[in-house]
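Visitor: These are the residues of each chain, in order.
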Amino acid sequence: MKTNELTYGVLAEFSNPADLMHGAEKMRDEGFKHFDCHSPFPIHGMDQAMGIKRSVLGYIVFVFGLIGAVCGFALQAWVHTKAYPLTFAGKPYFSWQAFIIVTFGLMVLAGAFAAVLGLFHLSKLPKFFDGLFYSKRFGKFSDDGFFISVDSKDLKFHDEETSRFLESIGGTNIEVIRGE
Amino acid sequence: MTSRSENTYMMPANNYGKLAIVIALIGILLSTFGFVKDPGQFFHSYLVAYVFWVTISLGALFFLLMHHVTGAFWSVSLRHVVESIVATIPLMAILWIPIGFGIHDLYHWSHESVMASDKLLAAKAPYLNTTFFVIRTLIYFIIWGFISYKLRSLSKRTKSNNDILSMRKVSAVGTVFYALTVSFAMFDWLMSLDPHWYSTIYGVYLFGGAYLNGIAMVILVIAALKSLNLLTTEVTSEHYQDLGKLLFGFVVFWAYISASQYFLIWYGNIPEETIWFKRRWEGTWKAFSLSMIAVGFIVPFFALMFRAAKRNLVFLSSICLLLFVAHWMDMYWNVMPGFHRGNVSLSWIDLSTMVALGGLFFWTVWRSLASRSLIPLNDPYLNKSISHKNF
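Residue numbers (the working numbering), protein chains in the order written: chain A, 237 to 416; chain B, 12 to 402.
If we strip away everything but chain A, and leave its shape as in the complex, we get (with noise of 0.2 Å):
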């Protein structure tokens, strides 16, 4: 080990994506945090097997959506009534109906870039690199490989330990990642 070298994480291959999942089962049940799963397809029930949380997204969604329903009301009852009031086909200055319109436009322009960005930043995209590329064998994940990767932040992390917990639960071709 260069003395200038960093340990990523641990990386370990399963043979199919019903030992994948059996694997994360026992990773969540140990108390790992810091893990991830890699397969070339999504598999279904994986959000539970890990102990993933569900995602906040929908909550941001809300409150920008509404930011933006209010933002867009606001901006028109203060156009039509204040800034600049013109008369439209005879009716009043504040025509609240023909607001709902633009109202609803901007809830979802806000709710959809907020759905949009809040994904990217929940899942820390965009990310230029990651330990994980110092794998040769890595790269089979978006081929046919099954990997669960352990990062080293983990409080449990320990290279040695972690790699024999890997093995133990069905995990082959354990890999320390180390690199610059």
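Keep in mind that the hints are not guaranteed to be accurate.
Stated by the list, open to error - Computed beta-carbon distance windows for the label pairs:
(1) A190/B / K269/A: 50 to 60 Å
(2) A254/A / M21/B: 33 to 43 Å
(3) K395/B / P362/A: 32 to 42 Å
(4) L176/B / V315/A: 51 to 61 Å
(5) D380/A / V310/B: 47 to 57 Å
(6) A348/A / T211/B: 27 to 37 Å
What the hints assert, rightly or not - Straight-line alpha carbon distances no greater than 35 Å define the calculated DSBU-like cross-link-like pairs of lysine-lysine that follow:
(7) K297/B / K318/A
(8) K400/B / K289/A
(9) K262/A / K395/B
(10) K289/A / K395/B
(11) K262/A / K400/B
(12) K130/B / K327/A
(13) K269/A / K395/B
(14) K237/B / K289/A
(15) K400/B / K376/A
(16) K327/A / K297/B
(17) K376/A / K395/B
(18) K269/A / K400/B
(19) K363/A / K400/B
(20) K327/A / K289/B
(21) K318/A / K289/B
(22) K262/A / K256/B
(23) K256/B / K269/A
(24) K400/B / K392/A
(25) K360/A / K400/B
(26) K256/B / K289/A
(27) K256/B / K360/A
Worth flagging that the hints you see were computed from the coordinates, not collected in a lab.
Backbone N, C-alpha and C define an ideal beta-carbon position, used for all residues, glycine too.
Given chain A's structure and the hints, the job is docking chain B onto it.
Guide: The following block gives chain B in isolation, referenced to the frame of chain A:
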């Protein structure tokens, strides 16, 4: 695979059916008294109650059509419940008869002297006349009856994918006929109450309310069955959540379509169109209209937004009851302002007709549920439906 025997899935003897018929008889008795006392009020109250219940069975029919057209498997274990609600369509055909007798009380256009003296109405006479009105209603019920009979009899012997495919074919063609007949039925029974007024979105608007409350009825029947400790493992919170999602979607749809109808008329500001909303904005009708928005949209919209709310049957069924209140208000709001001009004027006949038709409705649903297993035991997708999960 666990094999399921027919006997364990038959509904055990219970008093719900008897209770419904007793309530119905009380309602019928009171309504008959109401008819003798005040025929005008009776026919209007009857029409409100009638469209309330008929739209619910039509909503359930649409649920069934969509179930087959989309090839859904999650709702297989609910299918017999939905079909039992659809089984009320023949009852609804019979219950239409009093409206046929009340045509002169209900529909302004049915008086030939009125039609002759009004130039605009005279132009509509080829469509709006008593004979054609009755014939059209007959056609609607023949079409609805045929679709529901066909789907129910095919459902009885479902064993293979071929049976499912033939139900899908019936539903695909049936959906087209359903869309047209429901739209025209609502034009005839409700929109023609004000024969000068017309709105092309009207059929869609009532369809939205119909499907919404059809789903609500499915949930409430499931809640009733659950209260008897039935379908404990066959219908789970995963199914409630999906029903809740549909409910949420159609709360928004109903609000969206009714707002669209209002918005175009408000924008256009043409007197012959705005009169319809003006009548619903006078006196206490204004408060009635506004509270309908709160009960039918604002409260259920926020209540159904949360995942936990959709997965809790007690909460979900209370929202369904609230939606029934909103649906009744909606029907009342469509029928009554022409009869009680200026102010809302509730009558005990409104209640007695609702109770009479509701009792008969539940009695029919319950009889149909008792006549066969509660879930389609031979359906190839039954197990897939029971183990269904939301991700």
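Visitor: Now, for every hint given, state plainly whether the structure supports it.
Guide: Now the hints, each set against the structure:
1. At about 53 Å, the beta-carbon gap between A190/B and K269/A stays in the expected band of 50 to 60 Å.
2. The supplied range of 33 to 43 Å is met by A254/A and M21/B, whose beta-carbon atoms lie about 38 Å from each other.
3. For the pair K395/B and P362/A, the supplied restraint of 32 to 42 Å holds, since their beta-carbon distance comes to about 39 Å.
4. Against the hinted window of 51 to 61 Å, the Cβ-Cβ separation of L176/B and V315/A comes to about 57 Å, which satisfies the hint.
5. In this structure the hint that D380/A and V310/B lie 47 to 57 Å apart at CB holds, the actual value being about 52 Å.
6. At roughly 31 Å, the beta carbons of A348/A and T211/B sit within the given window of 27 to 37 Å.
7. This hinted pair checks out: K297/B and K318/A have alpha carbons roughly 28 Å apart, not beyond 35 Å.
8. Restraint check for K400/B and K289/A: the C-alpha separation of about 17 Å stays at or below 35 Å, so the hint holds.
9. The straight-line distance between the Cα atoms of K262/A and K395/B is roughly 27 Å, inside the 35 Å bound, and the hint therefore holds.
10. With a CA separation close to 26 Å, the supplied pair K289/A and K395/B stays within the 35 Å bound.
11. With a C-alpha separation of about 22 Å, the suggested pair K262/A and K400/B falls inside the 35 Å cut-off, and the hint holds.
12. For the proposed pair K130/B and K327/A, the alpha carbon gap of about 31 Å is at most 35 Å, so the pair holds.
13. Of the supplied pair hints, the one linking K269/A and K395/B holds, its CA atoms being roughly 33 Å apart against a limit of 35 Å.
14. For the proposed pair K237/B and K289/A, the alpha carbon gap of about 30 Å is at most 35 Å, so the pair holds.
15. With a C-alpha separation of about 30 Å, the suggested pair K400/B and K376/A falls inside the 35 Å cut-off, and the hint holds.
16. Restraint check for K327/A and K297/B: satisfied, since their Cα atoms lie roughly 20 Å apart, inside the 35 Å limit.
17. The suggested pairing of K376/A with K395/B holds, with an alpha-carbon distance near 32 Å, which does not exceed 35 Å.
18. Straight-line distance between C-alpha atoms of K269/A and K400/B comes to about 25 Å, which keeps the hinted pair within the 35 Å bound.
19. With a C-alpha separation of about 32 Å, the suggested pair K363/A and K400/B falls inside the 35 Å cut-off, and the hint holds.
20. Under the criterion of a C-alpha separation no larger than 35 Å, the hint pairing K327/A with K289/B is consistent with the structure, at around 16 Å.
21. Of the supplied pair hints, the one linking K318/A and K289/B holds, its CA atoms being roughly 29 Å apart against a limit of 35 Å.
22. Proximity of K262/A to K256/B is assessed by CA-CA distance (about 33 Å); at most 35 Å being required, the pair is judged to hold.
23. Of the pairs offered as hints, the one joining K256/B and K269/A holds, with about 32 Å between alpha carbons and a cut-off of 35 Å not exceeded.
24. This hinted pair checks out: K400/B and K392/A have alpha carbons roughly 33 Å apart, not beyond 35 Å.
25. Of the supplied pair hints, the one linking K360/A and K400/B holds, its CA atoms being roughly 28 Å apart against a limit of 35 Å.
26. The straight-line distance between the Cα atoms of K256/B and K289/A is roughly 21 Å, inside the 35 Å bound, and the hint therefore holds.
27. For the hint pairing K256/B with K360/A, the CA-to-CA distance comes to about 30 Å; that is within 35 Å, so the pair holds.
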